[in-house]
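Visitor: Below are the chains, spelled out letter by letter.
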Amino acid sequence: MGVLYHGADYNPDQWLTRPEILEQDIDFMKKAGVNCVSLGIFAWATLEPSEGNYNLDWMEEIIDKLWAAGVHIDLATPSGARPAWMAEKYPEVRRVNADRIRQLFGERHNHCYTSPVYREKVCAINQMLASRFGRHPAVIMWHISNEYGGECHCELCQKAFRKWLKEKYGTIDAVNKAWNAKFWSHEYRDFDQIESPAPHGEHSVHGLKLDWKRFVSYQTIDFMKWERDCIREIVPEAKVCVNMMYHYDGIDYFEQAKDIDLASWDSYPTWHKPGEPLWETALDTALMHDLYYSVKKQPFWLMESTPSYTNWQRVSKPKRPGVQLLTSLQAIAHGSDSVMYFQWRQSQGASEKFHGAVVSHDCREDNRVFRETCDVGAALKAMAEVAGTGKEKQAAIVMDWSNKWALEDSQGPRNIGMGFWQEMQRHYNGLAQNGVSIDFVHPQEALDGYKLVVCPLVYMMSEEFTLRLREYVKNGGTLVVTYWSGVVNETDLVWLYDSPHNLTDVLGVRRLEVDGMFDGEKRACRAVCAGLPETAQGSVLCEVAALEGATPLMVYDEEFYAGAPAVSVNEFGEGKAYYVATRFEKDFYKALYKTVGEGVLESVYPYETEEGVLATRRGEYVFLQNFNDHPAKAGEWTLEKYQTLVLKQTQDGYEKVF
Amino acid sequence: MGVLYHGADYNPDQWLTRPEILEQDIDFMKKAGVNCVSLGIFAWATLEPSEGNYNLDWMEEIIDKLWAAGVHIDLATPSGARPAWMAEKYPEVRRVNADRIRQLFGERHNHCYTSPVYREKVCAINQMLASRFGRHPAVIMWHISNEYGGECHCELCQKAFRKWLKEKYGTIDAVNKAWNAKFWSHEYRDFDQIESPAPHGEHSVHGLKLDWKRFVSYQTIDFMKWERDCIREIVPEAKVCVNMMYHYDGIDYFEQAKDIDLASWDSYPTWHKPGEPLWETALDTALMHDLYYSVKKQPFWLMESTPSYTNWQRVSKPKRPGVQLLTSLQAIAHGSDSVMYFQWRQSQGASEKFHGAVVSHDCREDNRVFRETCDVGAALKAMAEVAGTGKEKQAAIVMDWSNKWALEDSQGPRNIGMGFWQEMQRHYNGLAQNGVSIDFVHPQEALDGYKLVVCPLVYMMSEEFTLRLREYVKNGGTLVVTYWSGVVNETDLVWLYDSPHNLTDVLGVRRLEVDGMFDGEKRACRAVCAGLPETAQGSVLCEVAALEGATPLMVYDEEFYAGAPAVSVNEFGEGKAYYVATRFEKDFYKALYKTVGEGVLESVYPYETEEGVLATRRGEYVFLQNFNDHPAKAGEWTLEKYQTLVLKQTQDGYEKVF
Amino acid sequence: MGVLYHGADYNPDQWLTRPEILEQDIDFMKKAGVNCVSLGIFAWATLEPSEGNYNLDWMEEIIDKLWAAGVHIDLATPSGARPAWMAEKYPEVRRVNADRIRQLFGERHNHCYTSPVYREKVCAINQMLASRFGRHPAVIMWHISNEYGGECHCELCQKAFRKWLKEKYGTIDAVNKAWNAKFWSHEYRDFDQIESPAPHGEHSVHGLKLDWKRFVSYQTIDFMKWERDCIREIVPEAKVCVNMMYHYDGIDYFEQAKDIDLASWDSYPTWHKPGEPLWETALDTALMHDLYYSVKKQPFWLMESTPSYTNWQRVSKPKRPGVQLLTSLQAIAHGSDSVMYFQWRQSQGASEKFHGAVVSHDCREDNRVFRETCDVGAALKAMAEVAGTGKEKQAAIVMDWSNKWALEDSQGPRNIGMGFWQEMQRHYNGLAQNGVSIDFVHPQEALDGYKLVVCPLVYMMSEEFTLRLREYVKNGGTLVVTYWSGVVNETDLVWLYDSPHNLTDVLGVRRLEVDGMFDGEKRACRAVCAGLPETAQGSVLCEVAALEGATPLMVYDEEFYAGAPAVSVNEFGEGKAYYVATRFEKDFYKALYKTVGEGVLESVYPYETEEGVLATRRGEYVFLQNFNDHPAKAGEWTLEKYQTLVLKQTQDGYEKVF
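Residue numbers (this note's numbering), protein chains in the order written: chain A, 1292 to 1949; chain B, 1292 to 1949; chain C, 1292 to 1949.
It is possible that part of the hints are untrue.
Put simply, identical chains are the same to the list, so a pair is met inside one copy or across any two.
To be verified - The list that follows gives simulated cross-link-like pairs (lysine-lysine, DSSO-like), each with its CA atoms no further than 27 Å apart:
1. Lys1813 to Lys1932
2. Lys1813 to Lys1564
3. Lys1742 to Lys1947
4. Lys1380 to Lys1468
5. Lys1454 to Lys1322
6. Lys1867 to Lys1530
7. Lys1684 to Lys1322
8. Lys1924 to Lys1564
9. Lys1468 to Lys1356
10. Lys1450 to Lys1765
11. Lys1454 to Lys1742
12. Lys1454 to Lys1672
13. Lys1932 to Lys1765
14. Lys1380 to Lys1457
15. Lys1877 to Lys1932
16. Lys1356 to Lys1885
17. Lys1450 to Lys1877
18. Lys1877 to Lys1564
19. Lys1380 to Lys1742
Bear in mind the hints are in silico, worked out from the structure with no lab data behind them. Because the structure is a prediction, the values reported are computed rather than measured.
Take these sequences, add in the hints, and give me the full structure.
Guide: Written out as structure tokens, the structure is:
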């Protein structure tokens, strides 16, 4: 029988002088059905109060008490923030900003990933923890550092960057060519001349900036591997995870996922935004759940979430009654094997003291947040059997951090923002509203097994990837490619001659021009087929393409490109390729993917559901969730406001699990 | 018989080569009824052209001429800006910004308050002035520096900060505890590790930032005391004042007021803003007048104001005809014993050359601004008898700079702004529109004698203060406490267990949750008592409290907390305590304080007055001012557009003074 | 027979390894009617790959091939961007920002104009180019550097600034007086104490900032002269030009124009902005064409334009079909002898890769942009006879960079922006819509021959200029002076006593007050004469003036200055002087200049034309251009959408040239 984990970040080091608090913690954990905590994040100053002087006894006591209460440990390495003594004695551990100013002591997540001193100190404390607790039965997972991110521009990092470039390109001439460095006379004669982008230095050479982003991601992962390997030197079988973040731009998480055992993420949607129905916020969150399922194509953990509100959003709104349960179970529905919170108990001071927590400053168990946390505990216990189950391969959306970096750094055709995530979300929602299971795939991953591959704003495509897309369609796959895809190669050089590169015959169209649209500007389109909305509005970019064999489904209905395809389809080999020339309004995509999916994709719950009810599936389990604040129908079921229904598919139909 | 002072900042040092200008000055001063000027602000470069080479003769000549014309002197120390030679020879006098970059020479109000060199140079020039002019009969007051403010992060200041912390806390462990420095592993092992907040250093530890603000305020006052004491070494009986500023955040003016003889401030309201009636701007200004009356609980001076327009506001609009007189007399109505302007004569060049002045660039006496200044001169002479009179104790609003600093630095529950002054203003206006005399009190001041105490957003409350509030109510006082009060202690650590701390039984409510509201978001409330508006709208924060004995007066009418108290009242001992759970629309507060004040407070002019007519009282004098641009009624009187009426209360009723 | 040049920036150095590309270039140039290219801008790294190691053979080959194809060369000096080796070896060539931080290598247009090393290196490469190609028959012009601009705050520049000041003022006391440095005790005792304005230093002394701007302009031009003279040392007869920019603020182009043979500019209007008719964008562009005609009062070159879109605007929109031809010919219509593009071929990488070009990434000749470029080539050939013709003197608008600097740096009366160019544009459009030929004149230029002189926002006027304006009117000229003119002298000191200085009797009005207006705020005015709109709305600043002899034409109709003149006219000597007290809505000015021009000015095409059709004249050639997207009438002609008609005026009427 599987286990779904329920728990929180636990920071008892803040309360060591308050035994009544620590005692209440254990008592309340039992009441809330907590069976796992992330322990020791940011505890370094307590674990090593002065250099080489370790103090781990308090942690041993805590771990033993937790374990006695049935609580597992996701043991943190404390590298997310370093002690003051280290910052003082070894300035090199402090990050240097892009303006080349070294940071002072303070804050967190701001050490140099290259610094040998920092690596040495991290290794020492990690190994100390591993030796002492690595084989404790409670410890089931290592929480490596915390929310890795950011970048350092110190001399050590500059050298590491140059080394990375040399290994990648071999010669400086290859670098110049890859970056088109002749532009503005920017050729380098030596690797030593290369410096990271700076506000007061180079910031116009796209290839340099792209490679700097790649290097930062590489170096961060390299540091993570160092942490992991230090632990495994002591406990070779140690399992490790990192916590990823919403829309985080700084790390290629597909790359990072290769070197960990478990992906996890910290989910803080802005629920209850005025003017946005809850189900839309839920789909935004669902995309991220599916992305972090996809980075390893296996169940992940919801590592952090808030049982009530955050304190760092512009405005903090508590989750309405029932929403904590609903949104916690949404993570399970999308493949999480845990519901964890930041944090167990509200801090008494400093920047996050008003962040919601299971135990509030009032230290009471009769308040709403604690009671609703108990509800989650009970629900997870009731549906533990879903733990470990995976998802079916249906649709794949191509996601590539390098592409996003290149796209967003590009000057032109629209410098007020391309809305990368908005484009992703439109395709995701269109599929999700048709009840389709969605994976994200990296361009280097195999496309086999997917019925549909979607390329939204895949501006950057390597020769190799375009050739695989051709093969995929030729062999019967269905492909959707949007405007502004297939424009540049992997170093951000524009593909000459054909565009989208290697795909003009696959799509049956050739890109001619791009009309950038101001915010609020719209271009009328009309359908020339059945099934799609009769009229729709293009925005953001209106790409003008020559029809070279495709069948138009929608056409522009105004401007000098009236009649040019806005959506088209082309048969290529055994498959079909759709081209979407612009960004339509949100509700266009449900119809689009109904058309695209016909005969290709199947709903995970093929019965009529009201708007606001979302259906997902793990293994044999179907989750129906009502994000409306009123009852709603899904097939034969009526769901109460904010209700989650978990059904097990059997030969005879569905059996209610929860 | 008293004197009301009338005059301006006078900078003859800018015109020493133009004798016809200096001559016109004296002539025009006589015509305008000027009897006092602030002399020598920013004259240092003229007084000490090179190090130790003093040049005071020109000033003596000016002082003698002024005195001969009946003009008193508020003699300035010139420390608001230093000469170029000093900045060049002693870099330490120049301030270091938070980014740790030392400023170049230039601007003003930007010296290091800690620098021993600066203190020495200031002492020398101050004593030179004191020796020469300190006993001149014209000199009735010392204008210490100018608009003190800002902060320095140099090494001298860092050391002073650490010393201040050591004196306050004793041990580094006490600091760590006070700041909850375990959070993010931020514990210090030594005072030397502590650095002031920095954009590239620590800026998340609320306790550190709060103490830094307190230190800056302390050090500024310490510098002011140094200036004062240098003068008093020469002239022990010298009276000193400083000029304070609108909504100024950087100095605890209650603390500063303890060390001066006279409080004064520089008042530059944005009169004639489109869409705001003049009386609203007037109430905004009135609050500040009352605050600067309150810092010493004695008459203050209006040290600077403009007779026409400023030049530094976004848009400069001249005061409409009659408004200079109206607004000048408003200061008198609220306890000022002077009307002074910046400046006497417009500068010919540099940044403030277009600031309004009594004498314009046209050097004419027939223009509007000069004629209206003469009107003010005549009016002040006519009502001189009010000079020195004080105000009656009625309502007290709690004001605490430390509280404001902590509140605004807090992360959560609303990071787009808490609107501290807007909250203060609502309570102030509600009281003022009921004709109540208003003081501001610091939490350390005694509450005796006040019929009403209001705590608007008093987020930070010390144990001691909460206990005194209890006593105050118990003994028959009336208390109003708003949402988000009594949350943290004096080092910004959250009070555990009860909230508002020590006041749940006084108020009869206990805080449960806080719903942050976006700008424009509103929450419907409805009255469950007579006297308050039937419906009203909550905003900013909607606090949800459990009723524990209080009687609800308004309740929320929507969301999951419908029915929870929005306003409530509780009897406690001999007194009453009101709780206001949210921020209502502006016009709610007049009704609120009518209800609260019933049987408790009395109007200073208990007759019906039209909207836009404001009534205030000093001693036996009632001021009625019509801020409407049309005639309006107040009791039996009809006031012309912009008219001020000064009445003396006698046994038989009112006697018109002006 | 004249020649109109057609071509582009040509950067073959980016394609030296791709012979098929270089071959296609020549082929396509012939097809597009290209007869001139700007060669070698930003080619330094290719021309001098390491210090002193020159590589010019490739360029010789290119030049020979171009010349063989009939293409002339505008040969660039490569100083717009320096090679990496120079930045590395000689840090002094890299600019220092206002924050005193030296830039790293990267970007362009960012060298120190003072650095002796940079001057030496530039001289060497320039002379190398001059020796090799200076007498090549293809080389008809030198393109000195590229888009000069920006400023450097290094120690070398500080010294040069002090030297410039010393030469200008002689003594430090003269500086103090000119800057009114007594204000805030800012007097200098020595030139060495003066530093350039800085965010962390002085930024309130207007005179300092104004002189710094003048120095930066001076030093930039000095550098340009150095470049020019190095070339002329080798080729004394070399002709030189620089490319100027839209609304560029950093250089006094009147001053710069004195030292070049040909003015040129880079024109990138934002055509097709939503909500703005094309003819308005065209008038905005026309103003700049006329300005760059005016800096030398002779035909200029359109040095850069885009055949389709830019990539650096907020949104990139391609020119609609026909608009490339229309807008290219607009330059000719206003006095350009060329139509040149940036760039010939789109770069494959880096920041401008998506900028439109004659040859697109698709390398095809059948796309729209290439075809329309061929149309331009043909048109220029057809109307070559207009080359070299000049414009008639009619109206002159006073333009003075120093005035703009002083005006915009001023604190008060409206710090949210004075809208300098918007004011200029209103007067320009009003005149242009009446078919008047417009020049811009510098205050130091003679006013003889102009029928009308307009002073829009000429805030700064020297004694000498005011006297010449008096003479101009006295002798029969017509003058228009707006609000906020004649306020300060040439060092930004306010004129005392009379205002506008020396013009109160000329205009018959005297400035009393200025009412600053918020955005969106309006003040009603009404006509008190025939010919002007019955009502109009004042904005930005409403100046209140005393009538001292003038006849009001419009008066304010509200506020305390109702009845004061909003527009007035005064007879002075043989001439007339108009005063415009505020900024009116855009469409007021056509009527204003119809009234002002009656009997004074004549249209270049005195027949009725529909709105959106613009008429201009060079020599005997009248250009009629229809900026509407529909046919429109002009006199007896009907112009198709976007059509340009070129007519030659003969004794019998008009003869169609194109």
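Visitor: Cα distance capped at 27 Å. Does Lys1450 pair with Lys1765 within a copy, between copies, both, or neither?
Guide: Neither: 46 Å inside a copy, 70 Å across copies.
Visitor: 27 Å Cα cut-off: does Lys1932 pair with Lys1765 within a copy, between copies, both or neither?
Guide: neither (46 Å within a copy, 47 Å between copies)
Visitor: Reference check for the pair Lys1877 and Lys1564, CA-CA at most 27 Å: within, between, both, or neither?
Guide: Both. Shortest intra-copy (18 Å) and inter-copy (25 Å) distances satisfy the 27 Å Cα cut-off.
Visitor: How would you classify Lys1454 and Lys1322 at a CA-CA limit of 27 Å: within, between, both, or neither?
Guide: neither (54 Å within a copy, 48 Å between copies)
Visitor: Checking Lys1356 and Lys1885: alpha-carbon separation at most 27 Å within a copy, between copies, both or neither?
Guide: The answer is neither: 54 Å in one copy and 58 Å across copies each exceed 27 Å.
Visitor: At most 27 Å between C-alpha atoms: does Lys1454 with Lys1672 qualify within a copy, between copies, both, or neither?
Guide: The answer is neither: 51 Å in one copy and 56 Å across copies each exceed 27 Å.
Visitor: Go through the copies and call it for Lys1450 and Lys1877: within, between, both or neither, with a Cα cutoff of 27 Å.
Guide: For Lys1450 and Lys1877, neither the intra-copy (46 Å) nor the inter-copy (58 Å) Cα distance is at most 27 Å.
Visitor: How do Lys1380 and Lys1457 come out at 27 Å by Cα distance, when the copy is not named: within, between, both, or neither?
Guide: between (32 Å within a copy, 22 Å between copies)
Visitor: Taking 27 Å as the upper bound on the Cα-Cα distance, should Lys1468 and Lys1356 be classified as within, between, both, or neither?
Guide: between (61 Å within a copy, 25 Å between copies)
Visitor: Up to 27 Å between alpha-carbons, please classify Lys1742 paired with Lys1947: within, between, both or neither.
Guide: So Lys1742 and Lys1947 fail the 27 Å test inside a copy (29 Å) and across (65 Å) alike.
Visitor: Measure nothing new, just compare the shortest in-copy and cross-copy C-alpha distances for Lys1684 and Lys1322 to 27 Å and report within, between, both or neither.
Guide: neither (39 Å within a copy, 54 Å between copies)
Visitor: Treating 27 Å as the Cα threshold, decide for Lys1877 and Lys1932: within, between, both or neither.
Guide: This pair counts as within: shortest intra-copy Cα distance 25 Å, inter-copy 36 Å.
Of the numbered hints stated above, those contradicted by the structure are hints 3, 5, 6, 7, 10, 11, 12, 13, 16, 17 and 19, listed in ascending order.
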